[in-house]
Amino acid sequence: NAGVTQTPKFRILKIGQSMTLQCAQDMNHNYMYWYRQDPGMGLKLIYYSVGAGITDKGEVPNGYNVSRSTTEDFPLRLELAAPSQTSVYFCASSPPTGYEEQYFGPGTRLTVT
Amino acid sequence: GQNIDQPTEMTATEGAIVQINCTYQTSGFNGLFWYQQHAGEAPTFLSYNVLDGLEEKGRFSSFLSRSKGYSYLLLKELQMKDSASYLCAVRGRDTGFQKLVFGTGTRLLVSP
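Protein sequence lines correspond, in order, to chains A and B.
For the working numbering, add 3 to where a residue sits in the first sequence, where the first one is 1.
For the working numbering, add 987 to where a residue sits in the second sequence, where the first one is 1.
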């Protein structure tokens, strides 16, 4: 049971490049989330999904896109990377049981220069 | 919207007790979570409160007062490995019950 996995662990992008951050969970969780965490700050929600085919914006969605074609996978797409997107990105999942503890992946450290 | 306040940083001594406070404002409160995050790592779940009172789990306890919009995390018998950031997160009607809003976290430094 791997839990929540994320790839890559680290990435450096040039301004204007694009990339996809991968996230997968093997716990059959319906809910999945993408957060970003800037140094010394809390977690800001980018996008979330309540099930396959359903996604919605969080607090800071600009510059990002997501898709959820399967229960397991929830990739985050960055188009036209900007220095402001330098951050640590965490993917999380939770079951819709009412006791919604979120399980986090190890994170992706992204630098845009 | 939701507003969550925590102290930025706290220091304590090994073996001591420390209390980390969290105040929040939300409509339709539906749960408060505490997470621990070591530097460079992902957050891990510590505790969940939805009713008033104290929840105890080993060396860690969490308290909630819904009428005051207040929670605290109590860490007893501090160990060096407890040096980490502690994130308070709230779920409420105004941002959707499927989502959590996180505070900026309290960095705890435990010294020998």
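In case anyone wonders, no lab produced these hints; they're calculated from the structure.
Some hints could be false.
Okay, the calculated beta carbon distance ranges per label pair [as the list claims (entries may be wrong)]:
no.	chain 1	residue 1	chain 2	residue 2	range
1	B	Lys1063	A	Asn68	19 to 27 angstroms
2	B	Ser1052	A	Asp76	23 to 31 angstroms
3	B	Val1037	A	Gly66	30 to 38 angstroms
4	B	Tyr1057	A	Thr23	18 to 26 angstroms
5	A	Pro86	B	Ser1052	36 to 44 angstroms
Here a beta-carbon is modelled for each residue, glycine too, at the ideal position from N, C-alpha and C.
Here is how each hint holds up against the structure:
Here the CB-CB span from Lys1063 (chain B) to Asn68 (chain A) is close to 45 angstroms, at odds with the stated 19 to 27 angstroms. Look at Ser1052 (chain B) against Asp76 (chain A): about 40 angstroms separates their beta carbons, and that is not inside 23 to 31 angstroms. The hinted window of 30 to 38 angstroms between Val1037 (chain B) and Gly66 (chain A) holds, with their beta carbons roughly 34 angstroms apart. In this structure, Tyr1057 (chain B) and Thr23 (chain A) break the distance hint of 18 to 26 angstroms, their C-beta atoms being roughly 41 angstroms apart.
Judged by the Cβ atoms, the range 36 to 44 angstroms given for Pro86 (chain A) and Ser1052 (chain B) holds: they are separated by roughly 42 angstroms.
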